[in-house]
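Asker: One letter stands for each residue in the lines below.
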Amino acid sequence: MLNEIAFLLCAALTLAGAVAAMTLRNLAHCALCAAGAFAGLAAIYLQLDAEFAGFAQLLVYVGAIAILILFTVLLTRGAEIQPGGPAASTSRGMGLGVGALVTACLIGAIMASPGLRGHAPQTVHAPVKRIGEQLMNQYVMPLEAIGLLLTAALLGAVIIALREPPKEPPAP
Amino acid sequence: MNGAGIIQGMIETARNFAGSYHDPERLTTVQYPEEKLPPVENARTIPFLVYDGGDAMAGLRCTACTICEKECPPQCIYIIKDLAKKPDYVGKMQLQPKVFDIDMSVCMSCGICVEVCPFDAIKMDQVFELSTSDRFLGLLFHKEQLAKPNGYFSQLHKTEAAEIDARRHEDKRKAEASAAARAAAAKPLPPGGVK
Amino acid sequence: MRGLDQIFVWIGREVAGWAPAPAQPLVSAILIIAGIMAVFGTCFALTTIAERKILGRMQNRFGPNRVGPCGLFQPLADAVKMLTKEDIVPFSADKTLHFLAPLVMTTPIWLAFAVLPFGRNMSALDLDSGILFFFAIGSASELAVFMAGWSSQNKYSLVGAMRAIAQMISYEVPLVLSTVPVLMLAGSLSLNEIVAAQGTHTLGGLARWNVFTPWGLAGLLLFLIAATAESNRSPFDLPEGESEIIAGYLTEYSGFKYALFFLGEYLGLFAITGLAVTLFLGGWRAPFQWLEWVPSWLWFGGKFGVLIFLFIWVRATLPRLRLDQLLNFSWRFLAPLTLINLAVAAAWHWTGAWESAAAAPVRWVLCAALIALPAHWLGRALRGAVPPPRKYHYAE
Amino acid sequence: MRASTSPPGCIGTDGEHTLLEVSMGPHHPSTHGVFRMDVTLDGETVVKLKPVFGYLHRNHEKIAEKNSYLGSMPYTDRLDYICSLTNNWGYALAVEKLTGLSVPERAEYIRVILGELTRLINHSALAGFLLQDMGALGTPLMYAFREREKILDLFESLTGARMMCNYMRFGGCRCDLPPGWIEQTRSVVSRFPSFLDEFESLLTGNEILQARTEGVGALPGRLAVNAGVTGPMLRASGINYDIRKVDGYGAYGRFNFRVPLGERGDVFDRYMIRILEMRESLKILDQALRDIPGGPIMDPKAKLRNLRPKPGEAYGRIEGPKGELGFYLISDGGPNPYRYRVRPPSLINLTILEDMCLGQTIADAVVILGSVDIVLGEVDR
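Residue numbers (the numbering used here), protein chains in the order written: chain A, 773 to 944; chain B, 135 to 329; chain C, -15 to 380; chain D, 1473 to 1853.
Just so you know, the hints here were simulated from the structure itself, not pulled from any lab data.
Computed from a predicted model, the values in this text were never measured in an experiment.
Ideal Cβ positions, reconstructed from N, Cα and C, are used throughout, including at glycine.
Heads up, a few of these hints could be off.
Stated by the list, open to error - Chain C stretches covered by chain B per the calculated footprint, using a threshold of three residues with CB under 8 Å from any CB of chain B:
#: 1; region: 36 to 46
#: 2; region: 296 to 309
#: 3; region: 358 to 365
Using the sequences and the accompanying hints, generate a full structural model.
Answerer: Laid out in structure tokens, this is it:
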């Protein structure tokens, strides 16, 4: 009973945060609401006894990604939203497509879960040590691939952010 | 070495931390209301009027010459002369102030009134706890508040007061002597004296 | 002595024992929470007065000594002042965020104390991933700083918030990375197990604290530097750099909200100091075997106090860095050095067999050189081409 | 509600960057009084800086034109309230030039002693304030003030006041040294070098201080000369100009001392030049305290009141701790000057502030302002 109430609260926080992040007009408010949604998600993980995933979610999403978003908001001051303008952007179609894809994946995962087929969900105890061992043995290739991808992204970001060297004035 | 200067600085603050517990050279703070610094003879804060004898108003040395009023840079002195004259310490008839006000909220403690006074009548005090709840009239001192006995002045500025007292004593002696001489000269010759 | 060591555990158990059985977990949780809040609340009050008095002595003055004996009641007077001050909210401020920011700052910090082991069997929550929890909780303060700076609608606040966020992001990297060698060698993220890993003794009864190894010493220094920056203390107090941007993101705060920020900052400092004690200084353990009779929580408190004094001492001595120097220092000196320290810790681990009297010093010196030389080179590179020393000539 | 996400105070862009205009002061912790800097920032970089002053204007010159010559003397104390005695000296020098009064030897020595003590006070306090601006939390400032107290005690026992001394008179000094004063001064002076060593070991080698000051706010010697900068700031830029040497006023011709010169003219040089100047001042003090002659302290021709100089003009200048402090007087034969003008070193050194700050960060601007060494009482008069 207590568990259900807690889940509902967390879910409500997550959903409300997400909805507010989409609809609010003030970019700073949007970013903070997104942070709230991330925190709600972390709470759901924690409720599922996934300590590591929950804290990692907090550390990475609330601690880093939300801050990055806020920083972007601070740095791009010119991008004001007109009060009367449409809330949705021009890339609505693409957004819808991505959303549909993610929803499909989620539905697939839910349908595949054993809980739906009447089995009692088995309590999985996943201490950090075991997660680490799994990451380093079974899932080492995906981990490395992600690492490579992130490094590439980082390098790309640095190259984009590098100030262009002042061009030599053309010789007269 | 990186950080050597920082470590050196930290040693310096640590030395001062320890030093403030035992070295009076380092901890020079005086905890004011409980402790007070010894008085400095030359120190000056606000002016006061010196009087001789027991009666403050009668013994004021001020002769209402208004030199201080004219010279005061911020012009905080206000004098009205009293036409009734009174004899000074050598017996000469002098004017006296009817009103002698100093606005202490304007006074800047420069001491120029003291320097220019030819009668040693105005001197610098050493009080400094002057706060009052009345900004205007509370700091406007009248001659009753300003008058302080010569003994008080000698306490504050020992050397200067001794000098002045000696000079005035000498003047008085001379004046008495000349008065006596004059009296002697004016006195009719005793009958049967030398011709 | 065993009794004194466990006295708080015993009191907690006894008091909780009086409650009816179903309520016992709740009562004991409340007791622990109340205990932590009381201890660290008092600690906050004492630190403010101690800091002012120590700073005063270092600057050759008395410090506050008017309220109560030796000025000990000064925090009370401060509290009364803070609480009775008018709470001013700027007209154009974003009122909701302006109100929420101090709460977001202060509330999560309390959670961080949950995982710290303050003594033997004195850890409120033994989480398997305790240190991760600690850092996850700490990330909320960045949000709070942003909220405060943004919502005040003040240029100084905004500049202060930007500085604070840039600084916190930059220093979180070395802060977290400098703890990794400890986790690696202890083989756990749980703070209790990290303390346990430092529990054995070597020759002469000296404890095997991490700080007694080259990588541990370097790690502690790196961690402390990063912690100073994370908690916005001098010489990294740019977000509140008084002489430059008045009070940074706190400019528009007054009264109780300001006090909450103040509390949050000090609690953050305490939490991170507690973590430093746990990770590098052996937590609640005694330095020598023959000192084990002193209660464990006293050891924790003592080490904690020494580190707090160190923070105050640094604050009294050093001028403030500039923003670009601050960021360069983090990215070009601290972050690479923490990574190198990781390798040094690995080297230390591999040479674990060199325990003999002849080999141990070699191992020590080798590992120390592995971290000291890069530190020297990185420092040289950071300072750039050092101009020739200045010569001042004199005209007659 | 405004849906704007732009922060307050954006004043537009310069095409690529958004500029933020920040008005630093007059109520700001680092402006050394009521001084305002209108700073335009690109991020943290200063792209424009406009010094705004006048908040402390007290009509000093006009008051002096109305007061008697003597009556202006206490007002000069309040120009640069850290160094009241050198202000006295500059004014006394101008009036002495105007009236042709000469100063007895003993009074000249007393003036030199007081002037150099004032220089010690000013330079040590400045170094403290500079570090305060750099965020050193007042520790150096407190050390500087600790030593300043000891010198102020000397001033009090001689002149009667700690700061507003009002001591020098036209043709001499107001009163002679009290007994034992020379010995007290000697002991204070003999302990000052240990304070300087302590100060330097706390600061000069500090890496953070070096990083904050190296190359910051460099002022080329040429620009400094063109801007009329004087004092330690000019000498830090490597220009050898010290009025004590150039004019040899007072008794300075008789002392053996050197003028330290910097080479890069940045904040570190300005800090270091002041430290070195203090060491030279100590040398002058040693010689003056050793050689001070006896004799009168006032020109017998001097009179206190009713000074009516012959019509004419005079410019008296001294090497004040902050730079060339000059007083320009025109007399029309009346009891008060027809024109009275102060050349305040603080103000003229301040005019070059923008050139030093452009392209530096706002934190540097604060430090540069601190290194200029201004006192608003003198800037605004």
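Asker: Now tell me if each hint is right for this structure.
Answerer: Cross-check of the supplied hints:
no. : hint       : result
1   : 36 to 46   : holds (count 7)
2   : 296 to 309 : holds (count 5)
3   : 358 to 365 : holds (count 4)
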